[in-house]
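Listed in order, the protein sequences are those of chains A and B. Here numbering that gives the first Met the number 0 is used: the first residue of the first sequence is 0, the next is one more, and so on. Here numbering that gives the first Met the number 0 is used: the first residue of the second sequence is 0, the next is one more, and so on.
Wrong hints could be hidden among the right ones.
To be verified - Some chain B residues judged to face chain A by a derived CB distance under 8 Å, without partners named:
1) Q45
2) P50
3) P51
4) V52
5) M122
6) D123
7) P134
8) G135
9) A141
10) R155
11) A176
12) A257
13) C381
14) R418
15) V419
Hints were generated in silico from the structure; no laboratory data involved. Using N, Cα and C, we set each Cβ at its ideal position, and we do this for glycine too.
Here is how the chains run, residue by residue.
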Amino acid sequence: MKNPVAAATPLFHRLVPRAGPPVPITIDGEPVEAQTGDLLITAILTHRPHLRRFEFAAGMRAGFCLMAGCQDCWVQLADGRRVRSCSTPVEAGMAVIIGEDPQDA
Amino acid sequence: MLDVAKRDPAIVVVGAGPAGLRAVETLAAAGLRPILIDEAPRPGGQIYRQPPVGAERPARDLYGFEAPKAVALHRLLDRLGDRVDHRPDTLAWSLLENRLDLLSAGSFDQIDFDRVILATGAMDRVLPFAGWTTPGVFTLGAAQIALKAQGVAIGRRVALVGAGPLLPLVAHQYLKAGAEIAAVLDVTPLAPKIRHGLGLAWQPATLLKGLWYTAHITLAGHPIRFGVKSLRVEGGARVEALVWTDGRGREHRVACDAVGASFGLRSEAQLADLAGCRFTFDAVTRQWQPERDPEGRSSRADVYLAGDGAAIGGADVAELAGERTALTLLADLGRPVDASRVALLDRRLARQRRFRAALEAAYPFPGHLLDAVPDDEMVCRCEGITVGRLRDTAKVREAHEMNRLKAFTRIGMGRCQGRVCGQAAAEILARTLASEPAAVGRLRGNPPVKPIPVKETL
Ligand SMILES: Cc1cc2nc3c(=O)[nH]c(=O)nc-3n(C[C@H](O)[C@H](O)[C@H](O)COP(=O)(O)OP(=O)(O)OC[C@H]3O[C@@H](n4cnc5c(N)ncnc54)[C@H](O)[C@@H]3O)c2cc1C
Ligand code: FES
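Bound-form chain A, shown alone (with noise of 0.2 Å):
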């Protein structure tokens, strides 16, 4: 991405302010706060442009849908686990491994 700053600015925008203490994760190793009540798609586009590489291509993906039906929202997880962000709520200690456009690298 030629842009730093775009580069780094989260795509989601928070309007409703939530109760509940924030829950700690990690994005490509560094620590966030996601809000209690997140889904993990929310939790991670609060932060970053986008959730996964498109692995048949160049190109970044943010999820399309959010009701569980395109499964563009797949996320690696550190622990192994591969979830779909739109239906999976986000829970303390996540450790969420985006990487990073080959063509930017």
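Please build the complex by placing chain B with the ligands on the supplied structure of chain A, with the hints as guidance.
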């Protein structure tokens, strides 16, 4: 089969949306104990989807005018208690003969049913356009779910694109929640909406709500632009702008960092397909639908269909159809049913059908988007199969039928099982051959209908 005579029949309902919930309510009232399966953790289905634990909000904020209906449906299972065997977080991933294959919290299970009601609902109808796989482009439904289930907007500055009544509703909801809107674009023309306005008055409350949302977003400075001819997302790694052509061919560009775009709804009919139900082509919505008689029967005597999973009717129809179909099932079992209730439901459903016909006419299928999509654009977002690949294969290899096209290109074989690409691929094939989607056939489904852990399937 086990000694059926000595036990109550095993009745399974798949889908805990408005259709499935009203169905189990009716079955339980007749003294049966239906099994209700849904992959979601909480009942409600699409429109009345409940946020995950910890993200709850007042019903009025989430469902607006529809809050009382949503709350009534959410409480229905509590009220019925153990008269319904509710199995949330459970995916029905296959249906062959009389057996449903289930996956719940990583463990596999099977149910043998005597009769099943499929109330599997719908998802957004997706059509490709230039840049539609860029991170930050979501369906319109996804834009709504982000807000309703999570209290987030899909971006800081969002463009919304649609071809149906969901568009003004989502735009209204985003504005109300304080989101910044870049544009509200309808790819269908305005004229048919005016022409069919009278037909829409068959459901005056629904019509008024639609007009209210439209008025609100117009007053907020975002009038809907109708008749959009083509769409192109700019930005490679993320969305930077949406470029669109208006009805007169003029190009416009709006800066934005997210797009919510889809073009009507599409039934989730995979289980009906695996069950061997007969499908017919619906010329209005241009999709293959499982055949359903007005009483809710499919072509298979022990399989019933209710709600948007067999034909798009919306939430109120789904509630009516769920109850109506359960009454049909009871009558088929030889149980007594209240004939006056049946007559009332049939009258209401008939009224709704007239409304739906006008609504479909007001939002004609936006096939022009497919003529505008470039060859190098993906149609399959699972595996990256391009529009050009389909067009070439149709011409060069004489793939004149969808399953032949699939054999050559793998279209419809990715993780989503053709949910996202299937209808677009059929339209592209038909357009390339100067034919009709009815003539190119339909993709046959295979289990699992959604990905399941691989080792256990062996
Ligand atoms: C994003 C979106 C917004 C909508 N907004 C409106 C609106 O504002 N007004 C309106 O009238 N209509 C709206 N609709 C149309 C909607 O389809 C209906 O209103 C209504 O939800 C249909 O009810 P239903 O019971 O038929 O299906 P749904 O409500 O979709 O319920 C189907 C249920 O089945 C479950 N399911 C499906 N397949 C399986 C399986 N294989 N295994 C386990 N569970 C399964 C799903 O998890 C879901 O909970 C919307 C649709 C979508 C997708
Ligand atoms: S975003 Fe479509 S399945 Fe998760």
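Verification of the hints:
1. Q45: At about 7 Å, which falls below the 8 Å cut-off, the nearest Cβ of chain A leaves the hint on B/Q45 intact, so it holds.
2. P50: holds, 7 Å
3. P51: holds, 5 Å
4. V52: Holds - the Cβ of B/V52 comes within 8 Å of chain A, reaching about 7 Å at its closest.
5. M122: At 5 Å from the nearest chain A Cβ, B/M122 passes the 8 Å test, so the hint holds.
6. D123: holds, 7 Å
7. P134: holds, 4 Å
8. G135: Holds - the Cβ of B/G135 comes within 8 Å of chain A, reaching about 6 Å at its closest.
9. A141: Because about 4 Å separates B/A141 from the closest Cβ in chain A, which is inside the 8 Å limit, the hint holds.
10. R155: holds, 5 Å
11. A176: Since the shortest Cβ distance to chain A is 5 Å, the answer is holds.
12. A257: Holds, because the Cβ-Cβ distance from B/A257 to chain A comes to roughly 7 Å (cut-off 8 Å).
13. C381: holds, 7 Å
14. R418: holds, 5 Å
15. V419: Nearest chain A Cβ about 5 Å off; hint holds.
In summary, the structure agrees with every hint in the numbered list given earlier.
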